[in-house]
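The task is simple: from the sequences and hints, build the whole structure.
Chain residues, written in single-letter form:
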Amino acid sequence: MDAILLQILNGLDKGSAYALIALGLTLIFGTLGVVNFAHGALFMIGAFCAVTLQRILTLSQTTIDETRTDFLGNPMQVDTPYVVLWFGESTGAAIVDWAVPLAILFAIPVMLIVGVVMERGLIQHFYKRPHADQILVTFGLAIVLQEIIKAFYGANPIPTPAPQAFRGSFDFGVLVGFDPNTIIYPYWRLVYFAFAAIIIAAVFAFLRYTTFGMVVRAGMADRETVGLLGINIDRRFTAMFGIAAAVAGLAGVMYAPINAPNYHMGMDFLVLSFVVVVVGGMGSLAGAVLAGFLLGILESFASMTAVIDLIPGINQIIIYLVAIIVLLARPRGLMGRRGVMEE
Amino acid sequence: MQSFGRKDTILLIVVALLVLLAPVILNPFPQASSLAQFNAGYPDLMQRFVIFGIFAIGFNILFGLTGYLSFGHAAFLGAGSYAAVWMFKLLSMNVIPAIVLAVVVGGLFAALIGYVSLRRSGIYFSILTLAFAQMSFALAYSVLTPLTNGETGLQLSLSDPRIFDPAATGSLPTTNLFGIDMRATTTIFAGPWEFQLNAGYYMSGLIMLVAFWLSIRIFRSPFGMMLRAVKSNQQRMSYTGLSTRPYTLAAFVISGMYAGLAGGLLAAMDPLAGAERMQWTASGEVVLMTILGGAGSLIGPVLGAGFIKYFENIFSKINDSVLHTWFGALPDGLETALVTLVHPFVGKGWHLTLGLLFMLVVIFLPGGLVEGGRRIRGVVGRRNRKAGDPEARAASKQPAE
Chain A
1 MDAILLQILN
11 GLDKGSAYAL
21 IALGLTLIFG
31 TLGVVNFAHG
41 ALFMIGAFCA
51 VTLQRILTLS
61 QTTIDETRTD
71 FLGNPMQVDT
81 PYVVLWFGES
91 TGAAIVDWAV
101 PLAILFAIPV
111 MLIVGVVMER
121 GLIQHFYKRP
131 HADQILVTFG
141 LAIVLQEIIK
151 AFYGANPIPT
161 PAPQAFRGSF
171 DFGVLVGFDP
181 NTIIYPYWRL
191 VYFAFAAIII
201 AAVFAFLRYT
211 TFGMVVRAGM
221 ADRETVGLLG
231 INIDRRFTAM
241 FGIAAAVAGL
251 AGVMYAPINA
261 PNYHMGMDFL
271 VLSFVVVVVG
281 GMGSLAGAVL
291 AGFLLGILES
301 FASMTAVIDL
311 IPGINQIIIY
321 LVAIIVLLAR
331 PRGLMGRRGV
341 MEE
Chain B
1 MQSFGRKDTI
11 LLIVVALLVL
21 LAPVILNPFP
31 QASSLAQFNA
41 GYPDLMQRFV
51 IFGIFAIGFN
61 ILFGLTGYLS
71 FGHAAFLGAG
81 SYAAVWMFKL
91 LSMNVIPAIV
101 LAVVVGGLFA
111 ALIGYVSLRR
121 SGIYFSILTL
131 AFAQMSFALA
141 YSVLTPLTNG
151 ETGLQLSLSD
161 PRIFDPAATG
171 SLPTTNLFGI
181 DMRATTTIFA
191 GPWEFQLNAG
201 YYMSGLIMLV
211 AFWLSIRIFR
221 SPFGMMLRAV
231 KSNQQRMSYT
241 GLSTRPYTLA
251 AFVISGMYAG
261 LAGGLLAAMD
271 PLAGAERMQW
281 TASGEVVLMT
291 ILGGAGSLIG
301 PVLGAGFIKY
311 FENIFSKIND
321 SVLHTWFGAL
331 PDGLETALVT
341 LVHPFVGKGW
351 HLTLGLLFML
361 VVIFLPGGLV
371 EGGRRIRGVV
381 GRRNRKAGDP
391 EARAASKQPA
401 E
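Protein sequences appear in the order of chains A and B.
Numbering-wise, this note's numbering puts 120 at position 120 of the first sequence, and it's gapless, one number per residue.
Numbering-wise, this note's numbering puts 213 at position 213 of the second sequence, and it's gapless, one number per residue.
One or more hints might be untrue.
Said to hold, decoys possible - Okay, derived cross-link-like pairs now, SDA-like style, lysine to any residue, Cα gap no bigger than 20 Å in a straight line:
#1 150(A) x 339(B)
#2 348(B) x 152(A)
#3 348(B) x 155(A)
#4 348(B) x 151(A)
#5 348(B) x 262(A)
#6 150(A) x 319(B)
#7 348(B) x 98(A)
#8 150(A) x 345(B)
#9 150(A) x 341(B)
#10 150(A) x 11(B)
#11 150(A) x 350(B)
#12 128(A) x 343(B)
#13 150(A) x 343(B)
Claimed, not checked - Listed next, the stretches of chain B that the computed footprint assigns to chain A, with coverage defined by at least 3 CB atoms under 8 Å from CB atoms of chain A:
#14 127 to 133
#15 350 to 364
Claimed, not checked - Per the computed footprint, the stretches of chain A lying under chain B, defined by three or more beta-carbons under 8 Å from a beta-carbon of chain B, are:
#16 91 to 101
#17 123 to 134
#18 146 to 154
#19 275 to 285
#20 292 to 306
Keep in mind the hints are simulated off the structure, nothing from the lab.
Small disclaimer: the values here were computed from a predicted structure and weren't measured.
A virtual CB, placed ideally from N, CA and C, is assigned to each residue, including glycine.
Below, the structure written as structure tokens:
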């Protein structure tokens, strides 16, 4: 029992990332009808927002401390971050420590701008072109974006630690009544899951309970009629593209402490996220979220030693295997609407 | 357009001449000159031109004609490579059994994956092929290690049985074609120029010509017309009572065999095979080649393959010191500025250039380099574009969903 719970928990963080990226992909597909292969790159840019903010916050003033010497006997150079100088010792150190959560505030405007520029600058010219062209141009864009990031940040992963308070693990098993030391779970992964849950709830609430969201949903159902009613649906869809980009970016920001960001992390996630979207059903938001968590958890179950002993290599291929089975048995995906991308 | 027309014969002859003279044409700069680094006439690179040309020709038979966008073709290339290396290990260092088995394995593998994937079309087909290829990649890395030697890659060793060859002693044997060493290179010196004629290159080149001829035949055959009909309107095909599945499956298997052939040739030139040849980025590369050259045109994929492989090699060799010599004549400040400006696009950053180029082609030239050439000819010759050859016109049509 505790082993099962442990695997479910282990699957949650990856599942959260899949769900967030797949949610954005589905939003874009559902509103604009565009298959966005550059969505993984947006996730990656989000993660690098965290890296950038961390670098900005640790920009330091170098002073020479005459009272101390380094190992060569010369006066020691001391780097003091400007934030420490401005806000005092304790507040400044706390700000540096909390760089990743603070990057959320930094990433939202950045990602909104990136998303809107992308949509207005490139994607809007591809609405009338076939899906194959959309895939190809966004695939090219993904290459360009990741190469730009590589040119600025290098090819190596950049460690971006979580705040001190959330490092390490805690005994989750004790909380739910198991023996101590059966379920040890890192704090940050729980934070990530909670964060993902909040974002997903926020997106759904936004679509469900605001007028803006209502118009967007109407546009998803019948774009032409909404346009005929005198509503500028294009502008709202552009905004939705920005929001989808922000969702992917936030998923990336918070993922940075789990996996040190590198320039190809987006591509790694993109392939899986597409599989998630297709399994969930193209155009179904709830399906994308459900499939994201489901596949994340399945992946974690498949990597149990007992399972690997039974079917070797299953942990590597489980997601693809499930995708193939789902696509063949239920072409619309788990919760897909009838008639979306069906021939 | 049903038969092998005069135009096609001319095209084939031109390509044959290009392949024959490539070691000369691709080495336009004297060996000692500073421009010699742009020479592409060395065996290793020329082999890759023709081999990836074969790969792209095969991919084009599927994507260019039927519009089915496969993101998993590298799996067949990888499988072909593994099969060929196994032949080298078990039977003989002669390349014939290796290449034959590579084609067969590529075809069988494609039949298996195609049979399942072709049940769906559009993006679902792309995802299915991608999923299969990624599965093969992951398995080649992990569980199939006895067959693929995992991360290290499959290599020859002295203790291999090689039942038809005399026991190898000392160094590893090299691949050959009935005694002709694939690595044999004759260097011709013509004044300051240096031309390298390589046996492996000419064998691959010959095979590419056969593959090219075959692809022209397929394009011009009734079967090719069927595939084009699938691209333009599959639904109408079904309504007329035709099952399109056998046609698309045949196209898929043929392109899989081309990929297997390319994989086998890669192994024949350099007898090792690694799982990274199956990764989806490798599949993406062949898509790039085909689109860049011109999907649906005959010569486009070959051009695209040559273009990408050339720039991959040449662009990635340009480093800062080369840039400094280029801009050396300029004032210092301007020189530094230009070097900094160009730096991200060359050397290790050449993928950035490739990505930008690819985007520009997709945005402005959906027909690829072939359409670009046609437009230039149209402007220069003030010719009515509609009179262009039908095959190039088909290229500008969009792939089906």
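Each hint tested on the structure:
Proposed proximity of residue 150(A) and residue 339(B) is supported: the alpha carbons are some 18 Å apart, at most 20 Å. Taking the CA atoms of residue 348(B) and residue 152(A), the gap is about 12 Å. The hint holds against a cut of 20 Å. Proposed proximity of residue 348(B) and residue 155(A) is supported: the alpha carbons are some 10 Å apart, at most 20 Å. Restraint check: the Cα-Cα separation between residue 348(B) and residue 151(A) comes to about 9 Å, which is no more than 20 Å; the hinted pair holds.
Only pairs whose Cα atoms come within 20 Å are accepted, and residue 348(B) paired with residue 262(A) is accepted, the gap being roughly 16 Å. Proposed proximity of residue 150(A) and residue 319(B) is supported: the alpha carbons are some 16 Å apart, at most 20 Å. In summary, the hint linking residue 348(B) to residue 98(A) is not supported, as the alpha carbons are separated by about 34 Å, beyond the 20 Å threshold. Proximity of residue 150(A) to residue 345(B) is assessed by CA-CA distance (about 12 Å); at most 20 Å being required, the pair is judged to hold.
A hinted pair counts as satisfied when its Cα atoms are at most 20 Å apart, and residue 150(A) with residue 341(B) qualifies at roughly 16 Å. Distance check on the hinted pair: residue 150(A) and residue 11(B) sit about 42 Å apart at the alpha-carbon level, beyond 20 Å; violated. Between residue 150(A) and residue 350(B) the CA atoms are separated by roughly 11 Å; this keeps the pair inside 20 Å, and the hint holds. Restraint check for residue 128(A) and residue 343(B): the C-alpha separation of about 36 Å exceeds 20 Å, so the hint is violated.
Proposed proximity of residue 150(A) and residue 343(B) is supported: the alpha carbons are some 13 Å apart, at most 20 Å. With 5 residues carrying a beta carbon less than 8 Å from a beta carbon of chain A, the stretch 127 to 133 of chain B meets the three-residue requirement, and the given coverage holds. By the rule of at least three residues with a Cβ nearer than 8 Å to a Cβ of chain A, the coverage given for the stretch 350 to 364 of chain B holds, with 9 such residues. With 0 residues having a beta carbon nearer than 8 Å to a beta carbon of chain B, the stretch 91 to 101 of chain A misses the requirement of three or more and the stated coverage is violated.
Coverage of the stretch 123 to 134 of chain A by chain B holds [criterion: at least 3 residues with CB-CB distance below 8 Å; count 6]. A stretch counts as covered by a chain when three or more of its residues have a beta carbon under 8 Å from one of that chain; for the stretch 146 to 154 of chain A and chain B the count is 4, and the coverage holds. Chain B is given as covering the stretch 275 to 285 of chain A, and this holds because 3 residues of the stretch bring a CB closer than 8 Å to a CB of that chain, at least three being needed. Counting residues of the stretch 292 to 306 of chain A whose beta-carbon sits less than 8 Å from any beta-carbon of chain B gives 0, not enough to reach three: the coverage restraint is violated.
The structure fails hints 7, 10, 12, 16, 20 (numbered hints given earlier, in ascending order).
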